[in-house]
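Student: Given next are the chains, with one letter for each unit.
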Amino acid sequence: DGGITQSPKYLFRKEGQNVTLSCEQNLNHDAMYWYRQDPGQGLRLIYYSQIVNDFQKGDIAEGYSVSREKKESFPLTVTSAQKNPTAFYLCASSLQASNQPQHFGDGTRLSIL
Amino acid sequence: DQQVKQNSPSLSVQEGRISILNCDYTNSMFDYFLWYKKYPAEGPTFLISISSIKDKNEDGRFTVFLNKSAKHLSLHIVPSQPGDSAVYFCAARRNTGNQFYFGTGTSLTVIP
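Residue numbers (our numbering), protein chains in the order written: chain A, 30 to 142; chain B, 4 to 115.
Here chain A stands alone, though its shape is the one from the complex:
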């Protein structure tokens, strides 16, 4: 079955630590995205990538970093510079063709210890 896999589902981080969230897709999609969702808010774009080895900042990129070394994978690193990292993180992918929806993983909930 094709889909997007995010791991782990729950993640705990100590203050001052970097942590990496995994996102893998086997849909052969070119574009991949990372969003953050906070209670009562919509999805805010952190980073997106339209092609391997290229990515762009979204609206809230500060304190985050990404890489896109393979088409299937788009890991997100939450660095210690991110002052409020506790949130629900969602990864998505889509075809580059017009009028194609994004498909989402089931998310990772990150909490600070």
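Treat the hints as calculated values from the structure; they're not laboratory data.
Any given hint could turn out to be false.
[As the list claims (entries may be wrong)] The following label-pair restraints were derived from C-beta to C-beta distances:
no.	chain 1	residue 1	chain 2	residue 2	range
1	A	Thr-49	B	Val-81	19 to 27 Å
2	A	Glu-91	B	Lys-8	20 to 28 Å
3	A	Gln-46	B	Ser-77	18 to 26 Å
4	B	Leu-14	A	Asp-135	20 to 28 Å
5	A	Gln-46	B	Gly-63	41 to 49 Å
6	B	Glu-61	A	Pro-37	34 to 42 Å
[Said to hold, decoys possible] Reference excerpt, derived from the structure (chain A facing chain B, CB under 7 Å, subset only):
no.	residue
7	His-58
8	Ala-60
9	Pro-130
Treat the numbers as computed from the prediction; the structure is a model and nothing was measured.
Glycine included, C-beta positions come from ideal geometry on N, C-alpha and C.
Got chain A; can you put chain B on it based on the hints?
Tutor: Same frame as chain A, but now just chain B:
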């Protein structure tokens, strides 16, 4: 600046009745609009979409209407079922680039 807005945080509807969820947008460059359904602790699931060249798209119990002059879209669910209870997000994409913009969501409760 929120380019896609859902002004109703919540909506309650009796089972069997129509649910109408609304969404407004500000960017006239948006050309593709989508609705997603989301359960707690899960990722959003794509529900239905509409291109800006259309004003209506139907899929079973779900119909999306687009009013470009008013920059408004709505999702109609008829008849509503208890399993439809979820948070619904509308989203839009510009005609350049591949970035999607999401509203803040409307929590729908269908009362049996």
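Student: The hint says 34 to 42 Å between B:Glu-61 and A:Pro-37; measuring C-beta to C-beta, is that right?
Tutor: Given about 39 Å between the Cβ atoms, the range holds.
Student: Range first: 20 to 28 Å. Now tell me if the beta carbons of B:Leu-14 and A:Asp-135 are that far apart.
Tutor: holds (25 Å)
Student: Does 20 to 28 Å hold as the CB distance between A:Glu-91 and B:Lys-8, or does it fail?
Tutor: holds (24 Å)
Student: Assuming the hint says 41 to 49 Å, is it satisfied by the Cβ distance from A:Gln-46 to B:Gly-63 or not?
Tutor: holds (47 Å)
Student: Taking 7 Å as the limit, does the beta-carbon of A:Ala-60 come near enough to a beta-carbon in chain B?
Tutor: The hint holds - A:Ala-60 has a Cβ within 7 Å of chain B, the shortest such distance being about 5 Å.
Student: Between the beta carbons of A:Gln-46 and B:Ser-77, is the distance compatible with 18 to 26 Å?
Tutor: violated (45 Å)
Student: Double-check A:His-58 for me: the hint is only fine if its C-beta lies closer than 7 Å to a C-beta in chain B.
Tutor: This hint is violated: A:His-58 lies away from chain B, its Cβ roughly 10 Å from the closest one there, beyond 7 Å.
Student: So the hint says 19 to 27 Å: do the beta-carbon atoms of A:Thr-49 and B:Val-81 match that?
Tutor: Since the Cβ atoms of A:Thr-49 and B:Val-81 sit about 44 Å apart, the hinted range of 19 to 27 Å is violated.
Student: Under 7 Å, Cβ to Cβ, is where A:Pro-130 needs to be relative to chain B, so tell me if that hint holds or is violated.
Tutor: holds (4 Å)
Hint compliance for this structure: hints 1, 3, 7 are not met, and every other hint is.
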